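Based on the provided sequences and hints, a complete structural model is requested.
Listed in order, the protein sequences are those of chains A and B. If you're matching positions, the first sequence starts at 1286 in the numbering used here and goes up one per residue. If you're matching positions, the second sequence starts at 1286 in the numbering used here and goes up one per residue.
Any given hint might turn out to be false.
A pair holds if it fits inside one copy or across any two, identical chains being indistinguishable in the list.
Each computed SDA-like pair below joins lysine to any residue, with the alpha-carbon atoms no more than 20 Å apart [claimed, not checked]: (1) 1355 with 1379; (2) 1355 with 1406; (3) 1563 with 1480; (4) 1486 with 1455; (5) 1562 with 1296; (6) 1347 with 1320; (7) 1355 with 1401.
No lab work stands behind these hints: they were computed from the structure. Please read all numbers here as calculations on a predicted model, not as lab measurements.
So you can see what is in the structure, the chains are spelled out below.
2 protein chains.
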Amino acid sequence: MSGILQAIRESQGQMNRKEQELAQYVLEHPHEAVQSSITELADRSGTSTATVSRFCRNLMFKGLSDFRMKLGAELAVTPTHSTYQDIVAGNSLHSIVQAIEMNHIRSISDTTRQLDLQAVQQAVGALRAAKRIDLYGVATSGIVALDFQQKLVRIGIMAHYWPDSHMQITSASSLEEGDVAVAISYSGDTVETYDALLCAKERGAVTLSLTKFGSNRISQAADIRLFASSLEEGMRRGDMASRIAQLHVVDILFTALVSEDFDDYVPQLEQSFQQVKKYRKEKGR
Amino acid sequence: MSGILQAIRESQGQMNRKEQELAQYVLEHPHEAVQSSITELADRSGTSTATVSRFCRNLMFKGLSDFRMKLGAELAVTPTHSTYQDIVAGNSLHSIVQAIEMNHIRSISDTTRQLDLQAVQQAVGALRAAKRIDLYGVATSGIVALDFQQKLVRIGIMAHYWPDSHMQITSASSLEEGDVAVAISYSGDTVETYDALLCAKERGAVTLSLTKFGSNRISQAADIRLFASSLEEGMRRGDMASRIAQLHVVDILFTALVSEDFDDYVPQLEQSFQQVKKYRKEKGR
DNA sequence: ATATTTAAGAAAATATTTTTCATATTCATA
DNA sequence: TATGAATATGAAAAATATTTTCTTAAATAT
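Written out as structure tokens, the structure reads:
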């Protein structure tokens, strides 16, 4: 099942009654949904145009056309890698390997399909302009934050990540106007991460979120929202693919950043690489 | 090139002057074209909305939205270029996104292709049998190690990762026979990681390596060798894909481990998930 | 039981797309 | 070269589609 449909299914429970009905219709007839106009969609799902419009906004799309475009793109993807596989007891090693490969590849391409390039562009602009960048996240998302920090530091950007969530807030509280705070959370509901982001926002920092698709507190609070698609519910087995998808987005951000200031950053990257190498050599081995 | 773009190029010669100009714009900026409204498209291509509308009908689409939908769907299909893409200065955001997607997907499937299932099986056996598991790695590979540690701890396995490489050796020196030491290093040459692995080996631990493909000191020293493929290119820009590939292998190991002892581990996973949730709830939000 | 909040559709306001229509341009022919 | 027919094109009108506002109904809290 597609990342967007999966996201709809996951958040269906939190929706209003009519939106649930609409969600149901979309889940059952995704192809019709992508092709019909708002009136048709409203009629067929037994709702109203207003509800359809709100439904799309609530899912964090820019509107119906945006929803259509992105779902359409996802549905178009070749059915070779199409269905996410679940992993259960006593699977053969071979089937496990295949399932994981499929899930990872799928979540990377789903994430790419629904990526909002304008939001990416904005994010890159903000990151470039920032004097300082703070990263927030815990557990699996903390690892993604740490990864991003490493990359940023390597090109000489002052980026901070504290594994301790109190320190995350402490750090947020010293941000200044124009700095950037990046909140990473699969669910988009992690309390600690949300708090740190709010604090950063109060300080006047530009806030950026990287969460799963759909509506959630963290992305709602953020100025710039990025989404990583993933499949599974509830983060139990799920954070494997979601983490890969998040790292994928981090790589895109980072590469775009480097690409924009190629002449500044690439020598930096090269230098940090060489310095580490040299330091290690001198230690005598 | 996509079928629709190809068709446009082929019939471009027979078009009216303004439609040719529009066709040119679409050929040069297909992604902008699918996203913009008719007014934007008319403006950017230096034509009028009437021309845009007619253009679509002339190409036998039902209208602009139909054209958008179908071109969008075509563009969405991942181009299956088999070669890794390099990222250079001033790339368009879109080409960056495509290149990264391609590289990541490619490195995941390459890694899967060359994975030695017997080695994986041995690794899983050793990990299951271990009283304690030590993980070694620095920088990007340290993140992979940390990720693996988190996963193992979640199913109740005593796994250690120290970001400090002296502590890695310290930890290694207290391993015992039958414990497992996992060394993660893209190059396979990282001094600190190598030292920790050697130390673990001396203590009688089963040693496991996760490195790039080919011969390198760390994998030579290890009892069980796993390889993650990636771009060659010396680790500077390459470590994006290599890290994804390494995490992919980690996921395979972890899933295989869980799958073998499903009834023990899955409740553990579930419990650790619920405990975190409960603890967070109690904090009152 | 009453106030307050929330949900949802009708209708109004916007925005988008298509069609019509008037004009400009090209091309063939005398 | 002049003339008329055919075609191309954009402005504006008409038709559609989408979003927002406003009102009422329903749910929830006080």
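Do the hints match the structure? See the list:
1. 1355 with 1379: So residue 1355 and residue 1379 pass the 20 Å test inside a copy (19 Å) and across (15 Å) alike.
2. 1355 with 1406: within (18 Å within a copy, 25 Å between copies)
3. 1563 with 1480: between (41 Å within a copy, 18 Å between copies)
4. 1486 with 1455: within (13 Å within a copy, 42 Å between copies)
5. 1562 with 1296: between (48 Å within a copy, 18 Å between copies)
6. 1347 with 1320: Both, since 17 Å and 12 Å are each at most 20 Å.
7. 1355 with 1401: both (9 Å within a copy, 19 Å between copies)
No hint from the list above goes unmet by this structure.
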